[in-house]
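Protein chains: 2
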Amino acid sequence: MSDKQPGWNWNVPFSLTFPLENGLSPDHASTKRYLSAMQGMFADDSAFEEAMSVGNPLVYEFFELGAPSDAGDLAFGTSITYPGKVGNEYYMTKGHFHTILATAEVYWCIRGQGLMLMENPEGDWNLQELTPGKALYVPKRYAHRSINIGTEPFTTFFVFRADAGHDYGTIETKGYRKLVVELDGKPQVMDNPKWREEER
Amino acid sequence: MSDKQPGWNWNVPFSLTFPLENGLSPDHASTKRYLSAMQGMFADDSAFEEAMSVGNPLVYEFFELGAPSDAGDLAFGTSITYPGKVGNEYYMTKGHFHTILATAEVYWCIRGQGLMLMENPEGDWNLQELTPGKALYVPKRYAHRSINIGTEPFTTFFVFRADAGHDYGTIETKGYRKLVVELDGKPQVMDNPKWREEER
Numbered sequence: 001m002s003d004k005q006p007g008w009n010w011n012v013p014f015s016l017t018f019p020l021e022n023g024l025s026p027d028h029a030s031t032k033r034y035l036s037a038m039q040g041m042f043a044d045d046s047a048f049e050e051a052m053s054v055g056n057p058l059v060y061e062f063f064e065l066g067a068p069s070d071a072g073d074l075a076f077g078t079s080i081t082y083p084g085k086v087g088n089e090y091y092m093t094k095g096h097f098h099t100i101l102a103t104a105e106v107y108w109c110i111r112g113q114g115l116m117l118m119e120n121p122e123g124d125w126n127l128q129e130l131t132p133g134k135a136l137y138v139p140k141r142y143a144h145r146s147i148n149i150g151t152e153p154f155t156t157f158f159v160f161r162a163d164a165g166h167d168y169g170t171i172e173t174k175g176y177r178k179l180v181v182e183l184d185g186k187p188q189v190m191d192n193p194k195w196r197e198e199e200r
Numbered sequence: 201m202s203d204k205q206p207g208w209n210w211n212v213p214f215s216l217t218f219p220l221e222n223g224l225s226p227d228h229a230s231t232k233r234y235l236s237a238m239q240g241m242f243a244d245d246s247a248f249e250e251a252m253s254v255g256n257p258l259v260y261e262f263f264e265l266g267a268p269s270d271a272g273d274l275a276f277g278t279s280i281t282y283p284g285k286v287g288n289e290y291y292m293t294k295g296h297f298h299t300i301l302a303t304a305e306v307y308w309c310i311r312g313q314g315l316m317l318m319e320n321p322e323g324d325w326n327l328q329e330l331t332p333g334k335a336l337y338v339p340k341r342y343a344h345r346s347i348n349i350g351t352e353p354f355t356t357f358f359v360f361r362a363d364a365g366h367d368y369g370t371i372e373t374k375g376y377r378k379l380v381v382e383l384d385g386k387p388q389v390m391d392n393p394k395w396r397e398e399e400r
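Residue numbers (the working numbering), protein chains in the order written: chain A, 1 to 200; chain B, 201 to 400.
To be clear, the hints were calculated from the coordinates, so they are not data collected in a lab.
Treat the hints with care, as some may be off.
Calculated lysine to any residue pairs in the SDA-like style (CA-CA distance at most 25 Å, straight line) [said to hold, decoys possible]:
hint: 1; chain 1: B; residue 1: K340; chain 2: A; residue 2: V12
hint: 2; chain 1: B; residue 1: K394; chain 2: B; residue 2: Y368
hint: 3; chain 1: B; residue 1: K285; chain 2: B; residue 2: D270
hint: 4; chain 1: B; residue 1: K340; chain 2: A; residue 2: H28
hint: 5; chain 1: B; residue 1: K294; chain 2: B; residue 2: A243
hint: 6; chain 1: B; residue 1: K232; chain 2: B; residue 2: G207
hint: 7; chain 1: B; residue 1: K340; chain 2: A; residue 2: L101
hint: 8; chain 1: A; residue 1: K140; chain 2: B; residue 2: D270
hint: 9; chain 1: A; residue 1: K140; chain 2: B; residue 2: N222
hint: 10; chain 1: A; residue 1: K32; chain 2: A; residue 2: T131
hint: 11; chain 1: B; residue 1: K340; chain 2: A; residue 2: K178
hint: 12; chain 1: A; residue 1: K94; chain 2: A; residue 2: T151
hint: 13; chain 1: A; residue 1: K85; chain 2: A; residue 2: W195
hint: 14; chain 1: B; residue 1: K378; chain 2: A; residue 2: S15
hint: 15; chain 1: A; residue 1: K94; chain 2: A; residue 2: M52
hint: 16; chain 1: A; residue 1: K178; chain 2: B; residue 2: N211
hint: 17; chain 1: A; residue 1: K140; chain 2: B; residue 2: N209
hint: 18; chain 1: A; residue 1: K140; chain 2: B; residue 2: W208
hint: 19; chain 1: B; residue 1: K374; chain 2: B; residue 2: D324
hint: 20; chain 1: A; residue 1: K140; chain 2: B; residue 2: T217
hint: 21; chain 1: B; residue 1: K386; chain 2: A; residue 2: F14
Could you build all of it, start to finish, from the sequences and the hints given here?
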């Protein structure tokens with residue numbers, strides 16, 4: 001965290017900049033996820049070790065402005081997933097359910113080329129391609145993960161209910177049912193060999 | 201309304217385009233507000249009559265996608281306020297409170313130069329300038345009106361809780377406490393002569 005953490009008062013109007021060209025706000029520090037934070041999330045563990053052996057690249061970053069956890073407030077910011085692969089699997093975000101499962105999220109892509117991989121607890125899954133200008137509705141109950149399938153930073157503006165919360169644990173223990181790899185130069189959806197139904 | 205009204209299923213992921221250059225979605229019809237719909241909202245009634253006598257210009261348009269009125273859903277779209285004036289008062293949206301007063305709204309400006317005029321029932325008011333890349337938080341309890349002070353269409357992307365609702369009536373009967381006019385070529389905030397406390 002940098003010193004760029006203004007204490008917004010969410011009961012008074014405020015504005016800040018997310019530049020349209022790259023989404024990187026000069027007014028607030030981003031949260032950065034390096035590859036080391038994503039151990040076990042990519043399918044190919046040896047490719048992960050190999051990628052880590054030559055450094056610890058930044059996979060994605062996003063902005064958390066610290067909205068109060070209130071159903072009347074909204075959290076918002078930008079998310080930037082960088083281009084790259086671990087083995088043949090594209091760089092992606094961890095992805096998460098909302099803790100209050102029945103809360104939606106809106107994304108608007110401003111740069112790059114990416115996919116949003118979504119699935120709900122019932123096992124329905126969905127993949128939407130995002131390019132600049134595409135807006136996406138992530139409905140209630142859908143976990144969502146950004147995947148960069150292009151060569152530029154995949155950049156989106158997002159908004160969700162401020163009390164929704166992030167449940168990363170379910171994804172970290174179970175994984176996603178599907179994963180997206182590059183095959184013959186194109187994105188291909190595959191079953192995730194690491195995915196497992198919850199043990200009970 | 202055109203025939204471009206796809207019946208989104210808000211429980212399944214979907215995407216649509218809001219082009220970054222102008223916000224005008226090719227995938228859905230916009231709602232258009234012509235000057236005739238804004239009788240009495242500008243301070244100068246004779247300037248209003250004069251403007252109407254030469255036509256009925258489009259003042260603003262925005263996208264309503266028909267989100268279900270559910271606290272877990274989100275309404276989103278773009279809003280485009282055109283450049284122009286009635287007398288010396290800039291083109292603006294009607295503005296509204298949310299019916300569920302304690303619900304916020306997020307705006308992100310992608311084009312043009314505008315102001316968001318906000319006030320709450322307690323009489324606190326606030327004005328924020330928006331230019332491309334500026335994101336704005338309209339807190340709970342604040343009525344909000346877009347005002348175009350530039351020469352291009354003032355274009356924003358917005359998101360709010362889908363059950364928030366629009367209370368236009370309070371603004372239509374009471375007006376805003378403040379208005380923004382052009383004085384010596386610059387925007388100037390003034391008391392609204394038409395504003396009145398609610399009669400009880």
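Cross-check of the supplied hints:
1. The suggested pairing of B:K340 with A:V12 holds, with an alpha-carbon distance near 9 Å, which does not exceed 25 Å.
2. For the hint linking B:K394 to B:Y368, the alpha-carbon distance of about 16 Å falls within 25 Å, and the restraint holds.
3. Our distance criterion of 25 Å between C-alpha atoms is broken by B:K285 and B:D270, whose separation comes to about 37 Å.
4. Taking the CA atoms of B:K340 and A:H28, the gap is about 22 Å. The hint holds against a cut of 25 Å.
5. Proposed proximity of B:K294 and B:A243 is supported: the alpha carbons are some 13 Å apart, at most 25 Å.
6. This hinted pair checks out: B:K232 and B:G207 have alpha carbons roughly 20 Å apart, not beyond 25 Å.
7. A distance of roughly 23 Å separates the Cα atoms of B:K340 and A:L101; the hinted pair therefore holds under the 25 Å criterion.
8. Restraint check: the Cα-Cα separation between A:K140 and B:D270 comes to about 10 Å, which is no more than 25 Å; the hinted pair holds.
9. For the hint linking A:K140 to B:N222, the alpha-carbon distance of about 29 Å lies beyond 25 Å, and the restraint is violated.
10. About 23 Å separates the Cα atoms of A:K32 and A:T131, which keeps this hinted pair within 25 Å; it holds.
11. Among the hinted pairs, B:K340 with A:K178 is inconsistent with the structure: their alpha-carbon atoms are about 39 Å apart, more than 25 Å.
12. Between the alpha carbons of A:K94 and A:T151 the distance comes to roughly 20 Å, so the proposed pair stays at or under 25 Å and holds.
13. For a cut-off of 25 Å, the pair hint linking A:K85 to A:W195 stands: about 20 Å separates their Cα positions.
14. At roughly 20 Å between alpha-carbon atoms, B:K378 and A:S15 fall within 25 Å of each other, so this suggested pair holds.
15. This hinted pair checks out: A:K94 and A:M52 have alpha carbons roughly 17 Å apart, not beyond 25 Å.
16. Between A:K178 and B:N211, the direct Cα distance comes to roughly 20 Å. Compliance with the 25 Å bound is thereby established for this hinted pair.
17. Annotation: proposed proximity of A:K140 to B:N209 holds, straight-line Cα distance about 12 Å (limit 25 Å).
18. The hinted pair formed by A:K140 and B:W208 meets the criterion: a straight-line CA distance of about 14 Å does not exceed 25 Å.
19. The straight-line distance between the Cα atoms of B:K374 and B:D324 is roughly 15 Å, inside the 25 Å bound, and the hint therefore holds.
20. Restraint check for A:K140 and B:T217: satisfied, since their Cα atoms lie roughly 21 Å apart, inside the 25 Å limit.
21. In summary, the hint linking B:K386 to A:F14 is supported, as the alpha carbons are separated by about 22 Å, within the 25 Å threshold.
Of the numbered hints given earlier, the model fails hints 3, 9, 11; all others are met.
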